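Q: Fit chain B to the given chain P structure using the hints.
Protein chains: 2
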Amino acid sequence: MEEISIGLLGLGTVGSGVVKIIENHQDKLIHQVGCPVKMKKILVKDINKERAVQVEQTRLTTNPDEVLNDPEIDVIIEVMGGIDETKKYLKQALRNRKNIVTANKDLMALHGAELLTIASENSCDLFYEASVAGGIPILRSLVDGLASDRITKMMGIVNGTTNFILTKMAKFGSAYEDVLKEAQELGYAEADPTADVEGLDAARKMAILSTLGFSMKIDLDDVKVKGITGITENDLEYAKQLGYTMKLIGIAHREGEKVEISVQPTLLVESHPLASVQDEFNAVYVYGEAVGETMFYGPGAGSLPTATAVVSDLVGVMKNMRLGVTGKSAVTPQYKKHLKKPGEIYSKYFLRLHVKDEVGVFAEITSIFSEHGVSFEKILQLPLKKQGLAEIVLVTHQASLQDYEDSLVKLRDLHAVQTIESSYRVEGSANV
Amino acid sequence: MEEISIGLLGLGTVGSGVVKIIENHQDKLIHQVGCPVKMKKILVKDINKERAVQVEQTRLTTNPDEVLNDPEIDVIIEVMGGIDETKKYLKQALRNRKNIVTANKDLMALHGAELLTIASENSCDLFYEASVAGGIPILRSLVDGLASDRITKMMGIVNGTTNFILTKMAKFGSAYEDVLKEAQELGYAEADPTADVEGLDAARKMAILSTLGFSMKIDLDDVKVKGITGITENDLEYAKQLGYTMKLIGIAHREGEKVEISVQPTLLVESHPLASVQDEFNAVYVYGEAVGETMFYGPGAGSLPTATAVVSDLVGVMKNMRLGVTGKSAVTPQYKKHLKKPGEIYSKYFLRLHVKDEVGVFAEITSIFSEHGVSFEKILQLPLKKQGLAEIVLVTHQASLQDYEDSLVKLRDLHAVQTIESSYRVEGSANV
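Heads up: the sequence lines are chains P and B, in that order. First residue of the first sequence? That's 1 in the UniProt record's numbering, and the numbers climb one at a time after it. First residue of the second sequence? That's 1 in the UniProt record's numbering, and the numbers climb one at a time after it.
In short, the hints are calculated from the structure, not lab data. One or more hints might be untrue.
The list treats identical chains as interchangeable, and a pair is accepted whether it falls inside one copy or across any two copies.
Straight-line Cα separation of at most 30 Å, DSBU-like style, residue types lysine-lysine; simulated pairs [stated by the list, open to error]:
hint	residue 1	residue 2
1	K328	K38
2	K258	K217
3	K341	K224
4	K153	K217
5	K240	K348
6	K28	K340
7	K337	K20
8	K40	K20
9	K226	K240
10	K226	K181
11	K319	K224
12	K319	K217
13	K337	K348
14	K171	K319
15	K88	K20
16	K258	K348
17	K378	K20
18	K386	K171
19	K337	K91
Being a predicted model, the structure only gives us computed values, none of them experimental.
Only chain P is shown next, with the shape it has when bound in the complex (with noise of 0.2 Å):
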């Protein structure tokens, strides 16, 4: 093998990154891997268009086949996004026994498992490391850094933006909607930030992660979903009172073959590891059973870290395809999926109310939590400006989630219940 040829499809920003590390790098690629490292083609919109890394433009081309069907290149990288042509284009590559790096969290979360077959089936790798918190080499430390162990909860923040608005909310005690147009200006923020502050970015690492982690098939849909675009300035302050910080947490808690994955704003107790992780920093926190707590900290997203976890895997596949051992490296999940149902989730819960400022309505209130067998640790009572009003804010024991929502239902109906204001999970330092 005289040199690697590689076929990049997309030149945005990732790309542009992927581009300049393997220019910057060569010394050290050719170091590791034995033989120079070359990009040989790029598939493009616009070959004209103004780029942040210089390409000589015989190398750009808009034609996808120029890429997936040249004999000559070796590996393509995928970071051009999308999913349904996307995955036409690493289909057909893969078939054409090209191996594969792909940064793309969307179609890994969706069809992750098709694509991993066919590339198993032609003797090619898939690796997708840059998929997940793009800095931080989280899902290689999964599958081999943990390999004996078991592990039995995973807490993500795993998506930047909502991080960045949160740190900036309790920080300056901001409103979401102040906190989401400075992230826009300032790039932390797509112009329709749907996808990540309802959760939805979130929830596809977390099916990644957690078919890895648990060696289980997790579907997109078997994340239970909630955003942060609810949260106030109110809900903060309190949360500070208590000891709690505010975070977009995907949870993923496996106990006995049964899981639960979830993405929903969540109060964690200050002193978790997670808690102190700041703006648009990521990080992915992992009980095992043997090694206890661990954490990987890092940057989310951005060009050049998300670029890095993308040629990080190319080193990968290279030292694989030199060896001779491609497509080896699928590891077909273990465990057949069993969900929790809500009867078997358990967690602590605030929940904020607004309530008539009557006599015996308090009475009322715990009466039935106390039906349901949900106990409390912490009750906070404030008189509101509204004439006549009340706030109680609640913290449960632990509670199933069951019991919970029944409890919030019946509440609802009380005559003397004005409206539910808030409600979140919340999380202590220790693992259960």
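A: Structure of chain B alone, referenced to chain P:
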């Protein structure tokens, strides 16, 4: 390959953990490796000793040759510790073409290069993830995960004992000796704590980390070491007041072709990711030019965390065996080592002095520093209870170690300077 046979050297806390994990995770191991794994023979000092795990006596031996020369054994796991005799055993094993997994940081820091060469000559793997920061897959992350980046800085809390002691001292304002005693009673510190509290244990780990991270052969002697025995409650109080946290930090810093590696008590700005690492936990902060800031956090020691790392390495070896590619993973250092001179090491420093409380003293002190080009970011002066003395606390701007130390030498000659109470490196949150 119908089954893979293991030989174990040592059945102490880590060894017992390894036996437990291999027994409890047999199905997962078979799934990952494709064949059963058998612990065939275990070298112990005393066959009749009571142990934390049940092992049939027939599998125990006091004769190393029965393990090292057994033709059926494919992999040797070394968790007996020690240096000279252990090295002899491992060389013998490698010459018998047995792959090795070791948790022995002392041995790897001193003789790693030699052993890795012998391993490579005999087409054997030699893995040692467990030797640094037990439960954290940091070596694998450096070699694989950040493969395409240029790492310029690593900072590690890599000794749990000292981090436990410093955490307790800071939290409860206790004296060093009292907390050390508590740590010994809890089993976090050994009866002879020298290697931990004097920084030697951390230095060994930093030698291993910087060899890998910088791709340079760093020897233990290249690491400048200062321990925590001189730290007083006073220092910690001032640290807190100025917004710092005191940690024993291993620093490996590369600028251009030159590197600096040290272990020393360091004042960290509280927003630094390492500042919130509490108790006996370990963490390694890595700065790569492309990826930016990342951090790996987890338990640094303990039977099961360390055993987990050992078994993860074992899985790696066994996969390589089945692929027929053992002995190819050792990466020979790519760069020649150039150590920085004191004039090339730049940092901020914290200095605490007792001086005579006389007119003009402060001007005398500051003029010495300014003659050497050292200026100050923070200054505190307080009267002392001792008659006629004042306490001065200074934090410098970035200065070269040479200039700073030259200033200290002149300071000692000043008539008005009673004592230099303490001096520590200061690290900010921003890199470089």
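Q: With reference to the structure, classify each hint as holding or not holding.
A: Cross-check of the supplied hints:
Proximity of K328 to K38 under the C-alpha cut-off of 30 Å is found in both arrangements, the shortest distances being 24 Å within a copy and 23 Å between copies. Proximity of K258 and K217 under a CA criterion of 30 Å is satisfied intra-copy only: 13 Å inside one chain copy versus 48 Å between copies. In this assembly of identical chains, K341 and K224 lie within 30 Å of each other by CA distance solely inside one copy; the values are 12 Å within and 56 Å between copies. In this assembly of identical chains, the alpha carbons of K153 and K217 lie at most 30 Å apart only when taken from the same copy (16 Å versus 38 Å across copies).
For the identical chains of this complex, K240 and K348 are intra-copy neighbours only, at 17 Å inside a copy versus 34 Å across copies, given an alpha-carbon limit of 30 Å. In this assembly of identical chains, the alpha carbons of K28 and K340 lie at most 30 Å apart only when taken from different copies (22 Å versus 47 Å within one copy). Proximity of K337 and K20 under a CA criterion of 30 Å is satisfied inter-copy only: 27 Å between copies versus 41 Å inside one chain copy. In the homo-oligomer, the alpha carbons of K40 and K20 lie at most 30 Å apart inside one protomer (14 Å), although the nearest pairing across protomers, at 50 Å, exceeds that limit.
Taking identical chains as interchangeable, the C-alpha atoms of K226 and K240 lie at most 30 Å apart only when both belong to the same chain, with a minimum of 21 Å there against 39 Å between chains. When the C-alpha separation of K226 and K181 is checked against a cutoff of 30 Å, the pair qualifies only within one copy, where the shortest distance is 21 Å, while the shortest distance between copies is 49 Å. For the identical chains of this complex, K319 and K224 are neighbours neither inside a copy (38 Å) nor across copies (36 Å), given an alpha-carbon limit of 30 Å. Proximity of K319 to K217 under the C-alpha cut-off of 30 Å is found in both arrangements, the shortest distances being 28 Å within a copy and 23 Å between copies.
Proximity of K337 to K348 under the C-alpha cut-off of 30 Å is restricted to the intra-copy arrangement: shortest distance 25 Å within a copy versus 54 Å between copies. Proximity of K171 and K319 under a CA criterion of 30 Å is satisfied in neither setting, with 46 Å inside one chain copy and 48 Å between copies. Proximity of K88 and K20 under a CA criterion of 30 Å is satisfied intra-copy only: 27 Å inside one chain copy versus 46 Å between copies. When the C-alpha separation of K258 and K348 is checked against a cutoff of 30 Å, the pair qualifies only within one copy, where the shortest distance is 19 Å, while the shortest distance between copies is 52 Å.
When the C-alpha separation of K378 and K20 is checked against a cutoff of 30 Å, the pair qualifies neither within a copy, at 53 Å, nor between copies, at 41 Å. Within a single copy, K386 and K171 get their C-alpha atoms as close as 27 Å, which meets the 30 Å cut-off; across copies the closest is 43 Å, which misses it. Proximity of K337 to K91 under the C-alpha cut-off of 30 Å is restricted to the intra-copy arrangement: shortest distance 26 Å within a copy versus 46 Å between copies.
Comparing the model with each numbered hint stated earlier shows that hints 11, 14 and 17 do not hold.
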